[in-house]
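So the protein sequences, as listed, match chains Y and V.
Residues in the first sequence are numbered consecutively from 1, following the numbering used here.
Residues in the second sequence are numbered consecutively from 1, following the numbering used here.
Treat the hints as calculated values from the structure; they're not laboratory data.
Given the structure is predicted, the values throughout are model-derived calculations rather than measurements.
Treat the hints with care, as some may be off.
[As the list claims (entries may be wrong)] Under the rule of at most 20 Å between Cα atoms (straight-line distance), these lysine to any residue pairs were calculated in the SDA-like manner:
#1 V:Lys-159 / Y:Arg-249
#2 V:Lys-154 / Y:Lys-167
#3 Y:Lys-167 / V:Ala-104
#4 Y:Lys-230 / V:Pro-141
#5 V:Lys-159 / Y:Thr-246
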Amino acid sequence: MSVVIETMAPVPTRPWRNSKATGMRNLLAIALALICGGAINQVTGLSGFLGLFVGTAFLFPVFIAVANAKRGANVVTDRIASAVIAVAFIAVTIPWLSIFITVFQKGSEAFHSSYLTDDMKITPSGDDLQYGGIAHAIIGTMLMVLVATVISVPFGIIAAVYIVEVKGRFAGLIRFLVQAMSGVPSIVAGLFVYSTVVVLFGGFSAWAGAVALSILMLPTVARTSEEVLKLVSVDLRTSSAALGATQARTVFTVVIPTVASGLITAAVLGVARVVGETAPLILTSSYFVAKSTNLNDPIASLPIYIFSSLGLGDQNATARAWGGALVLLGLVFFFFLLTRIFSSRIKRK
Amino acid sequence: MENNQIESQISETARPHITAKVEIPEQRSKLHTEDVQVDKMVKSESGLETRNVHAWFDKHHALADISLHFPKNTVTGLIGPSGCGKSTFLRLLNRMHEFIPRAAMAGEVLFAGNDIYDPGVNPIDIRRRIGMVFQKPNPFPAMNIGENVVAGLKLSRVKTSNKDALIEDCLTRAGLWKEVKDRLGSAGGSLSGGQQQRLCIARALALNPEVLLLDEPCSALDPGSTLRVEETIVQLSATMTIVIVTHNMQQAARVSDYCAFFLSDGGPGQLVEADLTTNIFSNPSDTRTADYVQGRFG
Chain Y
1 MSVVIETMAP VPTRPWRNSK ATGMRNLLAI ALALICGGAI NQVTGLSGFL GLFVGTAFLF
61 PVFIAVANAK RGANVVTDRI ASAVIAVAFI AVTIPWLSIF ITVFQKGSEA FHSSYLTDDM
121 KITPSGDDLQ YGGIAHAIIG TMLMVLVATV ISVPFGIIAA VYIVEVKGRF AGLIRFLVQA
181 MSGVPSIVAG LFVYSTVVVL FGGFSAWAGA VALSILMLPT VARTSEEVLK LVSVDLRTSS
241 AALGATQART VFTVVIPTVA SGLITAAVLG VARVVGETAP LILTSSYFVA KSTNLNDPIA
301 SLPIYIFSSL GLGDQNATAR AWGGALVLLG LVFFFFLLTR IFSSRIKRK
Chain V
1 MENNQIESQI SETARPHITA KVEIPEQRSK LHTEDVQVDK MVKSESGLET RNVHAWFDKH
61 HALADISLHF PKNTVTGLIG PSGCGKSTFL RLLNRMHEFI PRAAMAGEVL FAGNDIYDPG
121 VNPIDIRRRI GMVFQKPNPF PAMNIGENVV AGLKLSRVKT SNKDALIEDC LTRAGLWKEV
181 KDRLGSAGGS LSGGQQQRLC IARALALNPE VLLLDEPCSA LDPGSTLRVE ETIVQLSATM
241 TIVIVTHNMQ QAARVSDYCA FFLSDGGPGQ LVEADLTTNI FSNPSDTRTA DYVQGRFG
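One chain only, chain Y, in its complex shape:
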C-alpha cells in the first residue's frame, strides 16, 4: 500500500498588510469624509473643488481615527498622522497642479502649427493668434542662458574646488562672498551690468544679458557644487595621493568624475534659477521682435516676451503671454529631463 504524501505548495501572503475588512473601513472613512465635506460645502457657501477639499481635509483624520478605533492607541495615532500627512501633501500639490493646468490650458490657445518656428517680425502682438510665433524668444533665451552657463559653470566649479579641495587661505572669504552674492536681488545685478557693460559698450546686447544672468547663476552653481564635492569621501582622495597623484590629478581624475552627475545637477539648478529672470534682462538685453543670433544686438527672451505681451492688455497679446509661459515651463522641464538622462548614462558607465 503506497502512501501518497500530499505537499501543500506554500501560498505567498503578506500578513503585515491591512486585512480586507480594514481596507473597506478606511475606504468608507474616505467616502464619508468626502460626502460630509460636500455637505459642508453646500451649507456654508464655500465653493468649488477648494471648498470640498477644506471640508474633507478636516474630517478625514477624524473619520479614519474612528474607523480604526478598535485597533489600539498606536494604530489610531499612526492613522491620524498618516491622514494629516496625506492632507498636507494634497494641500501643497494643489497650487502646483493649478499653475501647471492653468498655464497649459491658457497657453495652448496661443499655439498653432508654426508657433514654435515663427517670430513677431511682421506681426503686432494684438494680431490674430494664427500669425506670428515665439521662435525669436526661444532662440534668445537659449543663447543667453548658454553663454551664461559657459561663463558661470566653470567659475562656479572652480570656486567650489578652491573651497573644498584646495582649502586655500581665502576659502572662508570666498564662501562668504558666494553666500552674499546669492542674496543679490536680480534687478541689482541688472543695474550693475547696465552701468558697466551696457554703458561701456554702447547699448543693449545679448552679451550684457548673458553677463547679468551669469552673475545670478554663479552663486547657485558654486554653492551646490561645494555641497556635492563635500560628499566625496576623504579616503578616495588619500588613496589617490598614495598612488602618487598630484592634487590637481586627484581632483580631475578621481573627485570630479565621482560626482559628475551631481555637478551637472548643479549646473541645471543654475539654469533653472535664471531662465525665468525678467528684471535684469529689461536693463541689459532689452527686446527684439525678430529671430536673431547676433550677440552684439538686443535680443528677445521668453520672460520679456511674456512681460511685453501682457503689458498691452489686448486679448490676443495676453493669450500670447500665456503661450510664452507654457514654452518657458516646457523648456525648464526639457532641461531637467535632458540632465536626468545624461547623468544616468554617466552612472551606468
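Dock chain V against chain Y, hints included.
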C-alpha cells in the same frame, strides 16, 4: 614554500635595531648633523629605515623616537594597542603624514640611501615608489575594475605600452584575476569587500612599488578573504618590502618575518621591542610585549 624562501633571506645583520636615545630632538629643520652623514655608509643599502622619528599633531606628541629597519623583501608587522601610533608611523613612511593639517615630524626616513624628507625630494615620487593600502577598501567609484587597476598610472601620468597585460599581471599577483577576468568592465563597487581590498592591492601593484605599506588591510574582511589577502602578502614579499599594521596577533604571526611592538603609556607612542616574529611571540625580551601578544591587555 614561500615562507622558506623568505626565511633564507633573513640574516643576523638584517635584524631591526633599536637605538636607545632618550632626548627628544628639535623639530625637523635643524636636524642634519654630521654624525648622520657619517652613518650613511652603513645605512640600509636597501629597504627602508627610520632614525629617531617623532610625530606631532599640533602640540600633541603622538610618536617618540622610533628607529627601525625594514630589510629588503621582508614582511614587518607593526603591532600594539589602538592609539599607540602605528598608523601614524606608517603614514610617515611615504609622506602621507603631511596631509594632516598642523602635523609635524622629526627624524629621518631613509629609503634607498636617501632621506625622503630632504627638501629636494618630491613626495609624489616617494608615494609612487612606496605604495599604500588602506583599512577600508575604496576602489574609485567612477572607474571600472580594469580602470581601477591602472588608475595609478593615469593619476601619475605614467604611460604604459600594454595596459591589458599589466591589468592581468597585477590582478594575478593580487590573487583576484580568476574571479574578475570576465567582468573587468563592471564597477569596482560591485565586488565583495574582500575582492575590493585585493583590487586595491592590485591598484597599488600597478605602479610596481618597491615598498608596500598596509594599514590594517583585513580589519573589514571576513576570515576567507583575510586568508586570501594574507597569501597575497606572503607571495608579494618575494619581490617587495612590506610593512603591515595589524591588530590581529595571529595575522602578525602568520605573515610577518619581523614584528615591532608599539605602546603608549598615555604619552607619545614608543617602540617597545622589535625582533624576529618568532622571538616576539615565543621569547620576547620585554614583559609588556609578552603580556600583549598573549592577550593579557590591549
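Status of each hint after checking the structure:
1. Between the alpha carbons of Lys-159 of chain V and Arg-249 of chain Y the distance comes to roughly 15 Å, so the proposed pair stays at or under 20 Å and holds.
2. Distance hint between Lys-154 of chain V and Lys-167 of chain Y is unfulfilled; the C-alpha atoms sit about 24 Å from each other, more than 20 Å.
3. Between the alpha carbons of Lys-167 of chain Y and Ala-104 of chain V the distance comes to roughly 19 Å, so the proposed pair stays at or under 20 Å and holds.
4. Pair hint Lys-230 of chain Y plus Pro-141 of chain V holds up; C-alpha atoms about 15 Å apart against a cutoff of 20 Å.
5. Proximity of Lys-159 of chain V to Thr-246 of chain Y is assessed by CA-CA distance (about 16 Å); at most 20 Å being required, the pair is judged to hold.
Checked against the numbered hints above, the structure violates only hint 2.
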